[in-house]
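Colleague: Input sequences plus hints: build the corresponding full structure.
Residue numbers (the working numbering), protein chains in the order written: chain Y, 2 to 281; chain X, 2 to 281.
Do not rely on the hints blindly, as some may be mistaken.
It does not matter which identical chain is used: a pair holds within one copy or between any two.
To be verified - Listed below are the simulated EDC-like cross-link pairs for lysine to aspartate or glutamate, each with C-alpha atoms no more than 20 Å apart in a straight line: (1) K231 <-> E196; (2) K12 <-> D168; (3) K12 <-> D143; (4) K47 <-> D195; (5) K231 <-> D195; (6) K97 <-> D166; (7) K12 <-> D170; (8) K270 <-> E209; (9) K85 <-> E48; (10) K270 <-> E67.
Because the hints were derived from the structure by calculation, they are not lab data.
Each chain, letter by letter, is given below.
Number of protein chains: 2
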Amino acid sequence: MRILRSIGLMKRELSAHRRKGRTVGFVPTMGCLHEGHLSLVRRARKETDISVVSIFVNPAQFGPKEDYLRYPRDMKRDASLCRKAGVSYIFYPDAKSMYPAGYSTYVRVRGLTENLCGRSRPSHFEGVTTVVAKLLNIIRPDRMYLGQKDAQQAIVLKRMSGDLDMDTDIVIMPTVREKDGLAMSSRNRYLSADERSAAPTIYRALQEAGVLIKSGNGDAAGIISGIRSKIRPIAAKIDYVSVVDTKELKDMKNIKGEALIAVAAWVGKTRLIDNIIVRR
Amino acid sequence: MRILRSIGLMKRELSAHRRKGRTVGFVPTMGCLHEGHLSLVRRARKETDISVVSIFVNPAQFGPKEDYLRYPRDMKRDASLCRKAGVSYIFYPDAKSMYPAGYSTYVRVRGLTENLCGRSRPSHFEGVTTVVAKLLNIIRPDRMYLGQKDAQQAIVLKRMSGDLDMDTDIVIMPTVREKDGLAMSSRNRYLSADERSAAPTIYRALQEAGVLIKSGNGDAAGIISGIRSKIRPIAAKIDYVSVVDTKELKDMKNIKGEALIAVAAWVGKTRLIDNIIVRR
Numbered sequence: 002m003r004i005l006r007s008i009g010l011m012k013r014e015l016s017a018h019r020r021k022g023r024t025v026g027f028v029p030t031m032g033c034l035h036e037g038h039l040s041l042v043r044r045a046r047k048e049t050d051i052s053v054v055s056i057f058v059n060p061a062q063f064g065p066k067e068d069y070l071r072y073p074r075d076m077k078r079d080a081s082l083c084r085k086a087g088v089s090y091i092f093y094p095d096a097k098s099m100y101p102a103g104y105s106t107y108v109r110v111r112g113l114t115e116n117l118c119g120r121s122r123p124s125h126f127e128g129v130t131t132v133v134a135k136l137l138n139i140i141r142p143d144r145m146y147l148g149q150k151d152a153q154q155a156i157v158l159k160r161m162s163g164d165l166d167m168d169t170d171i172v173i174m175p176t177v178r179e180k181d182g183l184a185m186s187s188r189n190r191y192l193s194a195d196e197r198s199a200a201p202t203i204y205r206a207l208q209e210a211g212v213l214i215k216s217g218n219g220d221a222a223g224i225i226s227g228i229r230s231k232i233r234p235i236a237a238k239i240d241y242v243s244v245v246d247t248k249e250l251k252d253m254k255n256i257k258g259e260a261l262i263a264v265a266a267w268v269g270k271t272r273l274i275d276n277i278i279v280r281r
Numbered sequence: 002m003r004i005l006r007s008i009g010l011m012k013r014e015l016s017a018h019r020r021k022g023r024t025v026g027f028v029p030t031m032g033c034l035h036e037g038h039l040s041l042v043r044r045a046r047k048e049t050d051i052s053v054v055s056i057f058v059n060p061a062q063f064g065p066k067e068d069y070l071r072y073p074r075d076m077k078r079d080a081s082l083c084r085k086a087g088v089s090y091i092f093y094p095d096a097k098s099m100y101p102a103g104y105s106t107y108v109r110v111r112g113l114t115e116n117l118c119g120r121s122r123p124s125h126f127e128g129v130t131t132v133v134a135k136l137l138n139i140i141r142p143d144r145m146y147l148g149q150k151d152a153q154q155a156i157v158l159k160r161m162s163g164d165l166d167m168d169t170d171i172v173i174m175p176t177v178r179e180k181d182g183l184a185m186s187s188r189n190r191y192l193s194a195d196e197r198s199a200a201p202t203i204y205r206a207l208q209e210a211g212v213l214i215k216s217g218n219g220d221a222a223g224i225i226s227g228i229r230s231k232i233r234p235i236a237a238k239i240d241y242v243s244v245v246d247t248k249e250l251k252d253m254k255n256i257k258g259e260a261l262i263a264v265a266a267w268v269g270k271t272r273l274i275d276n277i278i279v280r281r
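Modeller: See the structure below:
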C-alpha cells in the first residue's frame, strides 16, 4: 500500500495502471475509518483491480459553526486498517493542494440538495459535490463506493456523476451498524456513555416506522410524528424527520412505492443521521 | 470525418483512440464556423492526433431574452468546413441528451465571472462552465483550443479546468479579424450593411487605446472614456468598456503590467464583444 499526498503523482500512478487495463475502485472518506468504510473497501477489492481510499477532511463541506476543526483525525490507525484491508493506495492530500489560493470553482446539484440535510446545512452539499468532482477527476475510478447511511449524499453524487457525464459507476452499500443498531459514524466517538446508550433509539424508531409502512400505513404525517415522539426524549434537537421519494427526495404525503425515511437529530452536542428505505 | 450525436458513442470512440496512445485536441463551438474557429482547428490538427469539434448551441448559456432561438445554425456548411480542415470527429449532440429531464448539476466559477460580460449576462458563464465541464468529461482531450476574442470565457474555463483537476491543457489563440479589423463572430451575420461598416470602430478604438497605454498612459478612467467617446456614435448601447488585470479580471485604476481592455457594445440589435491585451 502507498500513501500519496500529491495530486499529480496520484494521477500518474493511476494512469499507469489504467494503461495496463486495470480497473480502479474508489472509496472517498474523511478518515477515522470504521466498519462502514471497510465494507466499502472490501467490495472495491472484490470488484476492481486497484483500490483507492481518499482521506480528506474537506473544509468546504463544513458550515462556519460546524465541527471541521474538532472532526476526529487518526491517520496512523486509518493507514493500518487500510493496509490490513488490502487497499492499494491512500490518497491523502492537504487542504492547500485541494483548494490553493484563488480557488474559485464549485459544483452544485440543484433540487436534490434542498430538502433533508440541505435545509439545516445550506452549503454542505456544494462542498461535497465540489470535492468529489475533483476526486473523481484525479482518481477517474471505474466505480465509487458510498454508504447508504449518507443516503442524500449518495443520491446527490450519483446525479452529479451522471449529469456531468463522468465515467464512474456509483455503488451504494448498506449501512453498517453497531450490535445495538446505531449506524456507524466517525462522529459516534463524540458521544458520552449516556448519549451512546440512548443513541440507538433513532434506529429503533425508524424500524418501527418501517414495520408500520410495510403493513400498509401510508400516512407520512402520522409516521413522522410517531418517530418524533420516540426520539424526542433522547434528542437535544431534531433537525428533521422526513419521508421522501428516493428519486427526487421530495416530501411524500401518502407513502407509495419506495420511500426514504430519514432522521437528523442532535444527541447532546453530536448531530447524528440515519435512514431506512422501505417499500409500500 | 465522422459526425456523432451520441454521448456514449463519442466516449467509446475516443477511449479506443486513447488506448492506442493517440492524443486528442478539442475545439468547442456553437457552430456557424468562421476563420476564427478554423484557426483553432488547424492548431489542434498540428498538435494532436485526433481532432474533435463540438457543435452545440448551448441553451444554458443564453439568458431568457437572448438570441438562443435565432442564433445562426448551418450544419451542412460547418460539416463541409470541418471535413476540408481535416477534422476527425464532429460531436453534435442534441439539447435533450446534454440536458435530459431532471438535469440538475451546475458548475460555477466565482469571482472571475462577476465582472465584464458577467454583469450584463448574469447566468451566462454558469451555462458555459457547465457545458464545457460536460464536454471535457465526454471528450477528455489533451488540449482544448479557445479564441482570445472570448477572453473572459477563456480565462474562466482555464480556471475551471485547473480547479477541478481536469487533465486538459487550455490553449488560447489570437482573435482572427476581418480585413477591416472586425473580430470574427458568428453574430456578425446579424449586422445590416451600415452596421457592418460601422462595427470595425470598436477595434480601432481599442487599438488607439493600446497605443496610448504602450506609450506610457496608465490612467484607466481616461483610456475608458476615450474608447467610449469613439464607440458611442456607432453603438446603440455600450454594455461595458473595462480595463482589468488578466488574472482575476478586476478593474484596474492605474494600468500596470498586463491589462485586458475589453468592450461589449450593441451595434443595432447585435451585441458585439472585442478586446486586446496590452502591457505597460
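Colleague: Hints first: check each against the structure and report whether it holds.
Modeller: Right, here's what the structure says about each hint:
1. K231 <-> E196: Only inside one copy: K231 and E196 sit 15 Å apart there, 73 Å across copies, limit 20 Å.
2. K12 <-> D168: Close inside one copy (16 Å) and across copies (9 Å); limit 20 Å.
3. K12 <-> D143: both (14 Å within a copy, 14 Å between copies)
4. K47 <-> D195: Intra 39 Å, inter 70 Å, cutoff 20 Å: neither.
5. K231 <-> D195: Cα proximity of K231 and D195: one copy only (17 Å, versus 77 Å across).
6. K97 <-> D166: between (27 Å within a copy, 14 Å between copies)
7. K12 <-> D170: Both, since 19 Å and 15 Å are each at most 20 Å.
8. K270 <-> E209: neither (25 Å within a copy, 65 Å between copies)
9. K85 <-> E48: For K85 and E48, only the intra-copy Cα distance (18 Å) is at most 20 Å; the inter-copy one is 46 Å.
10. K270 <-> E67: within (11 Å within a copy, 51 Å between copies)
Checked against the numbered hints above, the structure violates hints 4, 8; every other hint is satisfied.
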